[in-house]
Amino acid sequence: AAGVIQSPRHLIKEKRETATLKCYPIPRHDTVYWYQQGPGQDPQFLISFYEKMQSDKGSIPDRFSAQQFSDYHSELNMSSLELGDSALYFCASSPRTHPSYEQYFGPGTRLTVT
Amino acid sequence: QQQVKQSPQSLIVQKGGISIINCAYENTAFDYFPWYQQFPGKGPALLIAIRPDVSEKKEGRFTISFNKSAKQFSLHIMDSQPGDSATYFCAAVEGTSGSRLTFGEGTQLTVNP
Numbered sequence: 013a014a015g016v017i018q019s020p021r022h023l024i025k026e027k028r029e030t031a032t033l034k035c036y037p038i039p040r041h042d043t044v045y046w047y048q049q050g051p052g053q054d055p056q057f058l059i060s061f062y063e064k065m066q067s068d069k070g071s072i073p074d075r076f077s078a079q080q081f082s083d084y085h086s087e088l089n090m091s092s093l094e095l096g097d098s099a100l101y102f103c104a105s106s107p108r109t110h111p112s113y114e115q116y117f118g119p120g121t122r123l124t125v126t
Numbered sequence: 006q007q008q009v010k011q012s013p014q015s016l017i018v019q020k021g022g023i024s025i026i027n028c029a030y031e032n033t034a035f036d037y038f039p040w041y042q043q044f045p046g047k048g049p050a051l052l053i054a055i056r057p058d059v060s061e062k063k064e065g066r067f068t069i070s071f072n073k074s075a076k077q078f079s080l081h082i083m084d085s086q087p088g089d090s091a092t093y094f095c096a097a098v099e100g101t102s103g104s105r106l107t108f109g110e111g112t113q114l115t116v117n118p
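Protein sequence lines, in the order shown, are assigned to chains A and B.
Residues 13 to 126 in my numbering are what the first sequence spells out, letter by letter.
Residues 6 to 118 in my numbering are what the second sequence spells out, letter by letter.
Since the hints were made in silico from the structure, they are not lab data.
Glycine included, C-beta positions come from ideal geometry on N, C-alpha and C.
The calculated BS3-like cross-link candidates involving lysine-lysine, where the alpha carbons are at most 25 Å apart (straight line), are:
id : chain 1 : residue 1 : chain 2 : residue 2
1  : B       : Lys47     : A       : Lys25
2  : A       : Lys69     : B       : Lys47
3  : B       : Lys20     : B       : Lys63
4  : A       : Lys34     : A       : Lys69
5  : A       : Lys34     : B       : Lys47
6  : B       : Lys10     : B       : Lys73
7  : B       : Lys76     : B       : Lys10
8  : B       : Lys20     : B       : Lys62
9  : B       : Lys20     : B       : Lys47
10 : B       : Lys76     : B       : Lys62
11 : B       : Lys10     : B       : Lys47
12 : B       : Lys10     : A       : Lys69
Residues from chain A shown here face chain B by an in silico Cβ test under 8 Å; the list is partial:
id : residue
13 : Tyr45
14 : Pro55
15 : Ser60
16 : Gly70
17 : Phe102
18 : Tyr113
19 : Glu114
20 : Gln115
21 : Phe117
Excised from the complex, chain B in its bound form (with noise of 0.2 Å):
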């Protein structure tokens, strides 16, 4: 049972335009959300992250935006680029449970020149 639901599985971009993808939770006791950016072969890269006190968190073209009321967070890539074709990955994190990473299914974005 997948205890981070990602959508969607794929999606596709113009040069330009703003990437969404989103992610639903149901554990309450998770308290901090990354995500992770992955190119094909190699390991995961951290992007950027949020906890649920913060609605919304912004770093260059990536921000988060989190609603802790609907256990709902979501990753906007503004003026997506070519170069930013991967796989998106949420995350989330149970601190009492050692720090573990619970991954979404992932979203494989295309940003077409």
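Isolated chain A (complex conformation) (with noise of 0.2 Å):
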């Protein structure tokens, strides 16, 4: 069965600069969700959209930005990085439909500050 995928799956940035995370639900999920997980944490939730509108926002820092596109898929920018950025980011989608709750992961984007 098809995944969430994620890219890049590693991704090395050094403080003040950029980054980009891709998120490709399943298909035919529409709500995508974005989890932030610090090592030896839970996840956090950061923000979630459905049907290309935020839908619910979380702990997102403000130099953070996302979006969805008519494909479906997401993306997370992340502005003038800290170190305390460091983490794994995970995407997860589920259909709004039936069942409604259930949110499948992809794999993560362990982004690393220097």
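Two independent chains are provided; combine them into the complex using the hints.
Below you can see the structure in the form of structure tokens.
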């Protein structure tokens, strides 16, 4: 079965640089969620999109922005990177209809800021 | 402030034993409670989930027990296997908030051969 695709899988950036993470949801899934997971921590919700509109917003820094495109893929843009942004970034997708709450996670992008 | 509290932080069991992980919540608006399994460097994988109108759900070796009045739920892994060694997260969803997952702190399970 097709899964959520994230790219790149690994990314190394320097402080103050910009990073773009991409997420391709499971086919026919129209809702995308972004989560950040620090070392040894639980995933923290950042933002979600349904039908290309922002549906919920969590603890996402103002330096970060995201959008969902017409083909339902999503991009997370991170600017003025800080050392504390180093983490695993997961994208998850779900069908808005049934079952509505099941979220399927991608393999993640490991971002390292040096 | 952690909205979903999970215990224990780590758990070691012998092969064939029962692993039990507990979670508690305060927000009565939560209406969906999934469990995720995560291996190092991988994304969380949905294991099993329950809604508050059901007290127990079983899928294979995995069982969720739910106590709505106590606002607690737990995961039982029967006949634990070394391949079950992973980090387990309970989570909760409030449907009206857009379905974001609120996770517990996680339990690192080790099943010894």
